[in-house]
Amino acid sequence: MKLRNKWFGALLLVALVLSACSDGNTDSGDGNVEETGEAKVTLDVIWFSDGDEGEVFKEITEEYKKEHPNVEFNIIDTPYSDVNDRIRTRVSGGDAPDLARVSNPGMISDALLELDDYFDSKETFLEQLSPSARPWAQVGDKFVAVPTDMTAHGLFYNKAYFEQAGVEVPSSPDDLWDWDEFANAIEKVKENSDARMGLAYDMSPSRYSTLIYQNGGTIFSEDGTQLTINEPEAVGALEYFKELHDREIIPKSIWLGGENPNSMFRSAQAAMHLSGNWNLQNYSENAGFEWGVTYLPEEVRRSSVAGGKQMVAFKDSEHTDEAAEFLQYFISKDVNEKYVKESLFLSPRNDVQDVQYEINSEAMEIFQNELSVTPEATANDWSNFEYMPEVEKQLTENVQKTLNGDMSPQEAMDDIVESTDMGSE
Amino acid sequence: MANKTKNFVLYTILVIVGAFMLFPVLWVVSSSFKPSTELFSWPPTMIPNSLTFDHYISAFENANFGQYLFNTVVVTVVATIITLFINTMAGYALAKYRFKGSTLILVLFLSTLMIPLEALMIPMFIVLKNLGLYNTLWGIIIPPAATPTGVFLVRQYAMSLPDEMIEAAKIDGAGEWKIFVRLIIPLIKPILATLTIFSIMWRWQDYIWPLIAISDTRLYTLELALANFIGEYSVDWGPLLAMAVLTMVPLITVFLVFQRFFIQGIMMSGMKD
Numbered sequence: 001m002k003l004r005n006k007w008f009g010a011l012l013l014v015a016l017v018l019s020a021c022s023d024g025n026t027d028s029g030d031g032n033v034e035e036t037g038e039a040k041v042t043l044d045v046i047w048f049s050d051g052d053e054g055e056v057f058k059e060i061t062e063e064y065k066k067e068h069p070n071v072e073f074n075i076i077d078t079p080y081s082d083v084n085d086r087i088r089t090r091v092s093g094g095d096a097p098d099l100a101r102v103s104n105p106g107m108i109s110d111a112l113l114e115l116d117d118y119f120d121s122k123e124t125f126l127e128q129l130s131p132s133a134r135p136w137a138q139v140g141d142k143f144v145a146v147p148t149d150m151t152a153h154g155l156f157y158n159k160a161y162f163e164q165a166g167v168e169v170p171s172s173p174d175d176l177w178d179w180d181e182f183a184n185a186i187e188k189v190k191e192n193s194d195a196r197m198g199l200a201y202d203m204s205p206s207r208y209s210t211l212i213y214q215n216g217g218t219i220f221s222e223d224g225t226q227l228t229i230n231e232p233e234a235v236g237a238l239e240y241f242k243e244l245h246d247r248e249i250i251p252k253s254i255w256l257g258g259e260n261p262n263s264m265f266r267s268a269q270a271a272m273h274l275s276g277n278w279n280l281q282n283y284s285e286n287a288g289f290e291w292g293v294t295y296l297p298e299e300v301r302r303s304s305v306a307g308g309k310q311m312v313a314f315k316d317s318e319h320t321d322e323a324a325e326f327l328q329y330f331i332s333k334d335v336n337e338k339y340v341k342e343s344l345f346l347s348p349r350n351d352v353q354d355v356q357y358e359i360n361s362e363a364m365e366i367f368q369n370e371l372s373v374t375p376e377a378t379a380n381d382w383s384n385f386e387y388m389p390e391v392e393k394q395l396t397e398n399v400q401k402t403l404n405g406d407m408s409p410q411e412a413m414d415d416i417v418e419s420t421d422m423g424s425e
Numbered sequence: 426m427a428n429k430t431k432n433f434v435l436y437t438i439l440v441i442v443g444a445f446m447l448f449p450v451l452w453v454v455s456s457s458f459k460p461s462t463e464l465f466s467w468p469p470t471m472i473p474n475s476l477t478f479d480h481y482i483s484a485f486e487n488a489n490f491g492q493y494l495f496n497t498v499v500v501t502v503v504a505t506i507i508t509l510f511i512n513t514m515a516g517y518a519l520a521k522y523r524f525k526g527s528t529l530i531l532v533l534f535l536s537t538l539m540i541p542l543e544a545l546m547i548p549m550f551i552v553l554k555n556l557g558l559y560n561t562l563w564g565i566i567i568p569p570a571a572t573p574t575g576v577f578l579v580r581q582y583a584m585s586l587p588d589e590m591i592e593a594a595k596i597d598g599a600g601e602w603k604i605f606v607r608l609i610i611p612l613i614k615p616i617l618a619t620l621t622i623f624s625i626m627w628r629w630q631d632y633i634w635p636l637i638a639i640s641d642t643r644l645y646t647l648e649l650a651l652a653n654f655i656g657e658y659s660v661d662w663g664p665l666l667a668m669a670v671l672t673m674v675p676l677i678t679v680f681l682v683f684q685r686f687f688i689q690g691i692m693m694s695g696m697k698d
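These protein sequence lines map, in sequence, to chains A and B.
Quick note on my numbering: the first sequence kicks off at 1 and runs consecutively.
Quick note on my numbering: the second sequence kicks off at 426 and runs consecutively.
Quick caveat, the hints were computed from the structure, so don't treat them as lab data.
Using N, Cα and C, we set each Cβ at its ideal position, and we do this for glycine too.
Hints may be right or wrong, so weigh each one.
[Claimed, not checked] DEER-style ranges, computed between Cβ atoms:
#, chain 1, residue 1, chain 2, residue 2, range
1, B, Leu439, A, Gly288, 34 to 42 Å
2, A, Asp354, B, Phe623, 55 to 63 Å
3, B, Ile482, A, Lys142, 43 to 51 Å
4, A, Lys58, B, Thr574, 35 to 43 Å
Only chain A is shown next, with the shape it has when bound in the complex:
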């Protein structure tokens, strides 16, 4: 009898938990017919966030729902590093999502919906975009992605340390540092202020490549079929980067030790941080000191590197029409302006270049300026979806080997050209 009671108790517990389980998922279906007769549609959106853009996006979808009462959104927050895994499993498993925010449409291009038929024409759409955003809309010559926001590289600096050392930063695009002045300025600040380190330089091939472009070089030839990364301009960039490390202007612990440059600057250890506009929000909220943003140095030419995010739809999705319609809405002038303004991004649209940001407006102006002088070659290189992922990986490794002293700058760049199979031989 005692035993039976025990079992009964256990069964009851199981039953209780089971009913709790099924409670949680009864209302996630779609396809119900509304009273108006229009079929309800739920769009699955795979999304990732760095700052507040997720909140802003949610507001935009709420607005959209007012105009389209039959559309619902299921925003699936996903860690950035797992976005592609999630997309791929769902596409291969026959349950393609409807929309996704991505940073590289090339990785999943075969699953994407071609947008030609949904937008007036590819050409008119591309013409609305700034040159540095255009390459991100296409993989090969297929129009599969809508660029939604852009980033640019720039310099953050700790105001107190520059004042202590009596060093002034460039205040306008007419009065920029060249590479030597840049290095000397930071060295001087490092020696004459409380800063423990000079320049925190993000360990990222994209941030590194800024130097290649500033020195007049590129990674690929214009048609994207040849590597130009071992030509003198690009090799010169690596020589300069090595010099900055040898003079201990850039702490070696970032590129060779994996230390986080963000926290170096945020903790007021580094005088400067070469990074991008995505840090503005972070520093506004979390850095307990006065900081500013200034222009990148100019060597042979000025250049930042444009990064960006895109939104894509999937050809196997059940709601391609609704998804494409939302894409058109999301990239329309007013909506895009609201989105970039509140998330502190730069706009990919030509007609949304003078955004009045509510916070950090001066800094955003500098980033906007950096993006406007950035040569189109940077976007060409970075949207070379076929070869860039491989080159990117080798670039980081070989720069590290050079800083270590295992390779000379020329050897490091030659090695990348030799070991990348561009299919020409």
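Chain B: place on chain A using the hints.
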């Protein structure tokens, strides 16, 4: 005297190693109470200069911690009950029943350990979807429930029980079910406790499978929610740390509760040999 010195040295080493192991945990706890501006301050401070509960408040208000905790508890408890049930029966059967192909079945079980989840992800996803379990909590409860590791653990433990005991029970007139429930289960309690702890840990920390099987934010588990604080460029450390601390607490509690079974397990197996 020599013994005392030896003990002193031993304890000193143990305390140092212990402190070393404990430090990251304490650091997480202390940091979760620091305001964002102090998180990365130099020199680092172990004890926050100013205490704040903001991160905890935002974990509950913005990040919906309560819902995720509920989901995780449901998944962990149900999955652990199912795991114990299946694994105990399978492990006992493979240890004590002689039938054709029993070794083959065991080898097949174990061979599934050789294939990483990444390779199985897409086929499993398709099965899940066709069973209608996709995007339900059942979808993260059922597929990983019958773990080969669990079956193996129970089998090895049950092997050490003497056959004569089971035969004696049969002679006394006990049926198979009664033997299993009244005799075997009480005897293998220590390994069940171990398996319970393992199962709770596995399900609590599971990440990749829930990531694939769940696409409704309301059904997210704590691990999924935690990972969402990590963006491409930046990590939202404050709420992440606070939520990590809250996620740790139940696991530590479970371990403390089951701790005596662990010790009992070691003692029992010590006597058997």
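Here's how the hints hold up against the structure:
1. Leu439(B) with Gly288(A): 34 to 42 Å: 39 Å, holds
2. Asp354(A) with Phe623(B): 55 to 63 Å: 60 Å, holds
3. Ile482(B) with Lys142(A): 43 to 51 Å: 47 Å, holds
4. Lys58(A) with Thr574(B): 35 to 43 Å: With Cβ atoms ~41 Å apart, the hint holds.
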